[in-house]
Amino acid sequence: AQSVAQPEDQVNVAEGNPLTVKCTYSVSGNPYLFWYVQYPNRGLQFLLKYITGDNLVKGSYGFEAEFNKSQTSFHLKKPSALVSDSALYFCAVRDIRAGNNRKLIWGLGTSLAVNP
Amino acid sequence: DAGVIQSPRHEVTEMGQEVTLRCKPISGHDYLFWYRQTMMRGLELLIYFNNNVPIDDSGMPEDRFSAKMPNASFSTLKIQPSEPRDSAVYFCASSYHQETQYFGPGTRLLVL
Numbered sequence: 001a002q003s004v005a006q007p008e009d010q011v012n013v014a015e016g017n018p019l020t021v022k023c024t025y026s027v028s029g030n031p032y033l034f035w036y037v038q039y040p041n042r043g044l045q046f047l048l049k050y051i052t053g054d055n056l057v058k059g060s061y062g063f064e065a066e067f068n069k070s071q072t073s074f075h076l077k078k079p080s081a082l083v084s085d086s087a088l089y090f091c092a093v094r095d096i097r098a099g100n101n102r103k104l105i106w107g108l109g110t111s112l113a114v115n116p
Numbered sequence: 001d002a003g004v005i006q007s008p009r010h011e012v013t014e015m016g017q018e019v020t021l022r023c024k025p026i027s028g029h030d031y032l033f034w035y036r037q038t039m040m041r042g043l044e045l046l047i048y049f050n051n052n053v054p055i056d057d058s059g060m061p062e063d064r065f066s067a068k069m070p071n072a073s074f075s076t077l078k079i080q081p082s083e084p085r086d087s088a089v090y091f092c093a094s095s096y097h098q099e100t101q102y103f104g105p106g107t108r109l110l111v112l
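Protein sequence lines correspond, in order, to chains A and B. Straight run, no breaks: the first sequence in this note's numbering ends on number 116. Straight run, no breaks: the second sequence in this note's numbering ends on number 112.
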């Protein structure tokens with residue numbers, strides 16, 4: 001069965017320090033992987049995705065994520081955190097072999113708090 | 001493009017009343033998704049459409065929930081009768097082939 005795990009409910013980091021938000025997944029075939037961010041009282045915003053190609057994916061607002069097939073992980077990273085990065089982050093996966101099934105499997109979210 | 005548009009943004013109603021949530025997807029998108037978000041259960045996919053046809057409604061909680069997409073630019077999610085446990089934020093999202101789903105601002109529903 002397909003699944004996504006975000007092992008940390010909350011991540012705290014000081015402004016200016018690097019941040020990592022973890023995501024691991026389980027699919028039968030090759031994955032499509034996504035990161036979204038949700039600011040308070042807002043909808044989810046797309047950050048980046050991995051479909052194929054380079055394992056390091058760069059996205060919006062200086063975020064990047066590294067696809068690691070052997071570890072089935074897709075951790076979100078940023079070299080220098082900003083207070084404005086404080087938000088809820090969601091990882092999602094879809095099995096490529098699902099064909100036209102566009103259903104994403106979502107993690108439960110990780111709350112990121114960047115302290116000034 | 002204006003993005004995905006949802007209305008109303010906030011809805012307060014009494015138990016037993018009918019609630020209708022509305023969504024206008026991004027023009028040209030051929031997939032439309034309805035989600036529900038709560039603290040307890042996180043983000044849940046309720047139903048999604050492709051070219052106005054419902055593809056997967058396995059997430060619809062029960063018969064009180066129904067969704068329609070009469071044309072490519074409009075969809076509704078209806079709850080009848082509403083119950084307090086339906087209180088949540090309901091999101092609509094749309095996508096076109098490339099997999100990326102674009103979300104609306106959500107409707108915050110409170111059923112008293």
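Note that these hints are calculated values from the structure, not bench results. Don't take every hint at face value.
Stated by the list, open to error - Listed next, the stretches of chain B that the computed footprint assigns to chain A, with coverage defined by at least 3 CB atoms under 8 Å from CB atoms of chain A:
1) 20-29
2) 101-107
To be verified - Below, computed lysine to aspartate or glutamate pairings styled on EDC-like, alpha-carbon distance capped at 20 Å:
3) A/Lys22 to A/Asp9
4) A/Lys49 to B/Asp56
5) B/Lys78 to B/Asp56
6) A/Lys103 to B/Glu14
7) B/Lys24 to B/Glu99
8) A/Lys69 to A/Asp95
9) A/Lys22 to A/Glu64
10) A/Lys103 to A/Glu8
11) A/Lys49 to A/Glu66
12) A/Lys77 to A/Glu15
13) A/Lys103 to B/Glu99
14) B/Lys78 to B/Glu14
15) B/Lys78 to B/Asp63
16) A/Lys49 to B/Glu62
17) A/Lys77 to A/Glu64
18) B/Lys78 to B/Asp57
19) A/Lys58 to B/Asp57
20) A/Lys103 to B/Glu44
21) A/Lys69 to A/Asp54
22) A/Lys103 to A/Asp54
23) A/Lys103 to B/Asp57
By construction, the Cβ of each residue, glycine as well, lies at the ideal position given by its N, Cα and C atoms.
Okay, the hints, checked on the actual structure:
1. 20-29: violated (count 0)
2. 101-107: n = 6 at 8 Å, threshold three: holds.
3. A/Lys22 to A/Asp9: holds (10 Å)
4. A/Lys49 to B/Asp56: violated (23 Å)
5. B/Lys78 to B/Asp56: Between B/Lys78 and B/Asp56 the Cα gap is close to 17 Å, so the pair holds against 20 Å.
6. A/Lys103 to B/Glu14: Distance of about 32 Å is beyond 20 Å: violated.
7. B/Lys24 to B/Glu99: It holds: about 18 Å lies between the C-alpha atoms, which stays within 20 Å.
8. A/Lys69 to A/Asp95: holds (13 Å)
9. A/Lys22 to A/Glu64: The hint holds at about 12 Å.
10. A/Lys103 to A/Glu8: violated (24 Å)
11. A/Lys49 to A/Glu66: Holds, at roughly 10 Å.
12. A/Lys77 to A/Glu15: With Cα atoms ~14 Å apart, A/Lys77 and A/Glu15 stay inside 20 Å; holds.
13. A/Lys103 to B/Glu99: Since the Cα atoms of A/Lys103 and B/Glu99 sit roughly 10 Å apart, the hinted pair holds (cutoff 20 Å).
14. B/Lys78 to B/Glu14: holds (15 Å)
15. B/Lys78 to B/Asp63: holds (10 Å)
16. A/Lys49 to B/Glu62: Violated. A/Lys49 to B/Glu62 sits at ~33 Å, over the 20 Å cutoff.
17. A/Lys77 to A/Glu64: With a Cα-Cα distance of about 5 Å, the restraint between A/Lys77 and A/Glu64 holds, given a limit of 20 Å.
18. B/Lys78 to B/Asp57: holds (14 Å)
19. A/Lys58 to B/Asp57: violated (33 Å)
20. A/Lys103 to B/Glu44: Distance ~11 Å between A/Lys103 and B/Glu44 Cα, so the pair holds.
21. A/Lys69 to A/Asp54: holds (12 Å)
22. A/Lys103 to A/Asp54: Judged against 20 Å, a Cα distance of about 24 Å means the pair is violated.
23. A/Lys103 to B/Asp57: holds (11 Å)
Violated hints, listed in ascending order, are 1, 4, 6, 10, 16, 19 and 22; each of the other numbered hints is respected by the structure.
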